[in-house]
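In case you want the letters, here they are:
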Amino acid sequence: MDRRTFFKKGFATAVTLSAFYSERTFALLGFGKEAGLTVDLVAVKGGEPDEMFRRGIKVYGGLGKFVKKGQKVVVKPNIGWDVTPERAANTNPKLVYEIVRHCIDAGAKEVHVFDHTCDNWERCYKNSGIEKAVKDAGGKMAPGNAESYYHEVTVSAGKNLKKAKEHELVLEADVFINVPVLKDHGGSRLTIAMKNLMGIVWDRGYWHRNDLHQCIADFATYRKPTLNIVDAYAVMKKNGPRGRSIDDIVIMKSLLISTDIVAIDTAAAKLFGYDPSDVNYIQIAAEQKVGRMDLENLHIERITI
Amino acid sequence: MRWLKKIRVFVAVGFFLVITFILTNLGEKLIPTFFLNLLVALQVGPAVIKSLLSLSWFSVSLLIILLITLLFGRVYCSTLCPLGILQDVFIRLKRLNVKRNRFVYKKPLYTFHYFIFTLTVVLAVLGVPLFVILLEPFSGFSRIVANIINPILAVINNWVFNIFETFDLMFLYPIHIGYINVYIVVLVALFFILITFLALYRGRLYCNLLCPVGALLSLISRVSIFRISIDENNCIECGLCERVCKANCINSAAKEIDFSACIGCYNCIDLCPTNGVVLKRRRCIVKNLQNDVDRRRRQFLEESMKSFAGLILPIRSLSKKGGGEVSRRFPISPPGSGGIDRFSSICTACHLCVNSCPTQVLYPSFLDYGIGGILQPKMNYSISYCNYDCVRCGQVCPTGAILPLNPAEKKQVQIGRAVFIRENCIVVRMKTDCGACSEHCPTKAAHMVPYGNLYIPELNTDLCIGCGACEYACPAEPHKAMVVVSNVVHQKAKLPESNNIEPHSNELQDFPF
Chain A
1 MDRRTFFKKG FATAVTLSAF YSERTFALLG FGKEAGLTVD LVAVKGGEPD EMFRRGIKVY
61 GGLGKFVKKG QKVVVKPNIG WDVTPERAAN TNPKLVYEIV RHCIDAGAKE VHVFDHTCDN
121 WERCYKNSGI EKAVKDAGGK MAPGNAESYY HEVTVSAGKN LKKAKEHELV LEADVFINVP
181 VLKDHGGSRL TIAMKNLMGI VWDRGYWHRN DLHQCIADFA TYRKPTLNIV DAYAVMKKNG
241 PRGRSIDDIV IMKSLLISTD IVAIDTAAAK LFGYDPSDVN YIQIAAEQKV GRMDLENLHI
301 ERITI
Chain B
1 MRWLKKIRVF VAVGFFLVIT FILTNLGEKL IPTFFLNLLV ALQVGPAVIK SLLSLSWFSV
61 SLLIILLITL LFGRVYCSTL CPLGILQDVF IRLKRLNVKR NRFVYKKPLY TFHYFIFTLT
121 VVLAVLGVPL FVILLEPFSG FSRIVANIIN PILAVINNWV FNIFETFDLM FLYPIHIGYI
181 NVYIVVLVAL FFILITFLAL YRGRLYCNLL CPVGALLSLI SRVSIFRISI DENNCIECGL
241 CERVCKANCI NSAAKEIDFS ACIGCYNCID LCPTNGVVLK RRRCIVKNLQ NDVDRRRRQF
301 LEESMKSFAG LILPIRSLSK KGGGEVSRRF PISPPGSGGI DRFSSICTAC HLCVNSCPTQ
361 VLYPSFLDYG IGGILQPKMN YSISYCNYDC VRCGQVCPTG AILPLNPAEK KQVQIGRAVF
421 IRENCIVVRM KTDCGACSEH CPTKAAHMVP YGNLYIPELN TDLCIGCGAC EYACPAEPHK
481 AMVVVSNVVH QKAKLPESNN IEPHSNELQD FPF
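Chains as they are written, first to last, in our numbering: chain A, 1 to 305; chain B, 1 to 513.
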């Protein structure tokens, strides 16, 4: 290899690498600060789901701050149950549509949406309205129903959960956007952002057998979404997570956005009316330094429409 | 009259391909249920049973088929019976090897055939449809597709999927194959081998020896108006017609055709070099039947019709019986089936419901309903659970064993009740939160109540519909803490009381942080 080719190759590698790491490196080095990344949490209230998202993401300078041209994006809503959108057991399809739309406008190469559902997956995708929303927005629905999609990963900081099988789409994605719906939950009290990550792993029974709260926190030490967006437009206040009827729902017209999964769960728990420290996994995750529970010390943007 | 065979082959091949395709995983997804119902309504076995339960459009199609039989004999057996056409496929394949089939006339074993038929009917009337399950041709065929062809297709699909998946192509989805029960596959395979063997050995022997639909139509075709016969003026006694007769019913030496064994394939008419075999109006005197046989036949017909009618009575009375004694010993029958006695006395184990159940919770049993209910489907909560809003099985059931329900009705049909075994529960054993059962429960019959600083499940069995979601989801090992036990007679679950927690308010308070 002569000197010229060495330089050429070296330069090409450097460009590729920097493109690959750009977003994370920038954030780590603090380059993003002037672009508005100093905000820790954005809370929006009083609008339709899509409108609230548009207003909220503006604070960060648009979704383009997280999604770069040509990147692979995975959007993970909650699509766990075979119920209609007004039952609010799944993430609001309007919100999912808007997020996928923004990803594509930001130049994403492809946007995949999936969930490892509880009820029959085809019925969930269809009846939640999310399949249609994603297709209309130009994204792709991907299945999560077979073990062969999931590959073993090591949760090195995990206490009870040392290993898990994670969906390959998330493993391959450049950007992972976590879009839970805020709900009452019989097993873990509340399901928000950290709990929504159970939908990207295969064996959930293991979590239930080995201290659910600890496992949820353990997995959050490993998988840190690029961005978390909590749908609290219609909130299931009881009989969660599946809900029994429309009577379980209270319209709260709220939306939270944060890169800190613990902060967003803390804020959502407060919105729901709970003391966040009563929701065990939030407490454990904060202790394991996954994120921060001290909302009073964080920079929160509050928007009322 | 050679066009008769052409029409027959055209209808048979078309019908066979369409119904087979609809019964496969792929067709089941692509083609609306309406078409499946339409095609299955043309099946005599299910149509007879369904018509005895209640009058529906199945009765209309049954009437048409019986009328056609009365006019032209058993053309049904060669056009609309998928099991018959399957046998024809084997017979045809054999011909590729042996240049011409050489069938010879055998006196049909009417006594044995009608004895089996009577036994089938009598047992079915007594609520034991064992022989209907084993011998009814549509159920037999549908079972072959469900238990042999579909798993093979699924394996091929998953195999192709794996290849595509390595290239990150995601348009194919893997099909989950439920647990394979060896007994069931072996039983169905044995039936398939029997059919193949009989077809290769002696043509349509099954249809004239064991088939209950064959027996019924054979009785009717004894008085058919247009029948195949040998025109003595044209016949040159070459014997070709006898050699091609799959039903072995042409005696070319005596120039007689035993029309009640004829399955209406029209191969004889097609092959006869001199138009010596013709379809024409019957003469006043049927040669090979004496008058006293005629009378006995009529009596037999009357009696078998009466016995068929008798089916209705025990079935109706069963469904009215109260009770609902529960025990894990009994299988859980699908919603709409009324209970295990009613279900087991009607179901012919065609496995259409097993095939089209979206969650695959319906599963063929082996001997759970007793020997008389061999292969009938049951709910299997180790594989899946019954989807709260789904009423698919009732929509496809051709016999009325599972009656169609609307989703609102279905949500109150209690097919079983959950039992909570506290000692097995994760919350008690591990002292950690779990709640998987309550998560999945659609009615919140299973709900969480405080237990120290944890939450433990509690059951309100009045609300439970026995869908099995809790049992399926329960992660406890090796024994589940939630188990659903069968309601021998299905009950009506209470509707949960609806009470709003607060009015749906749009009022905005300040952010609580």
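Hints listed in this document are in silico derivations from the structure and should not be mistaken for laboratory results.
All values derive from a computational prediction rather than experimental measurement.
Take the hints with a grain of salt, since some may be wrong.
With a Cα cut of at most 27 Å, we get these calculated BS3-like pairs of lysine-lysine [what the hints assert, rightly or not]: (1) B:480 - A:238; (2) A:159 - B:480; (3) B:6 - A:126; (4) B:411 - A:163; (5) A:162 - B:411; (6) B:29 - A:126; (7) A:237 - B:29; (8) A:165 - A:224.
Here's how the hints hold up against the structure:
For the given pair, residue 480 of chain B sits about 26 Å from residue 238 of chain A by alpha-carbon distance, which is consistent with the 27 Å threshold. For the hint pairing residue 159 of chain A with residue 480 of chain B, the CA-to-CA distance comes to about 26 Å; that is within 27 Å, so the pair holds. Proximity of residue 6 of chain B to residue 126 of chain A is assessed by CA-CA distance (about 45 Å); at most 27 Å being required, the pair is judged violated. Simply put, residue 411 of chain B and residue 163 of chain A have alpha-carbon atoms about 39 Å apart, too far for the 27 Å limit, and the pair is violated.
For the given pair, residue 162 of chain A sits about 41 Å from residue 411 of chain B by alpha-carbon distance, which is inconsistent with the 27 Å threshold. Restraint check for residue 29 of chain B and residue 126 of chain A: satisfied, since their Cα atoms lie roughly 14 Å apart, inside the 27 Å limit. For the hint linking residue 237 of chain A to residue 29 of chain B, the alpha-carbon distance of about 36 Å lies beyond 27 Å, and the restraint is violated. Of the pairs offered as hints, the one joining residue 165 of chain A and residue 224 of chain A holds, with about 16 Å between alpha carbons and a cut-off of 27 Å not exceeded.
In the structure shown, a violation is registered for the earlier hints numbered 3, 4, 5 and 7, in ascending order.
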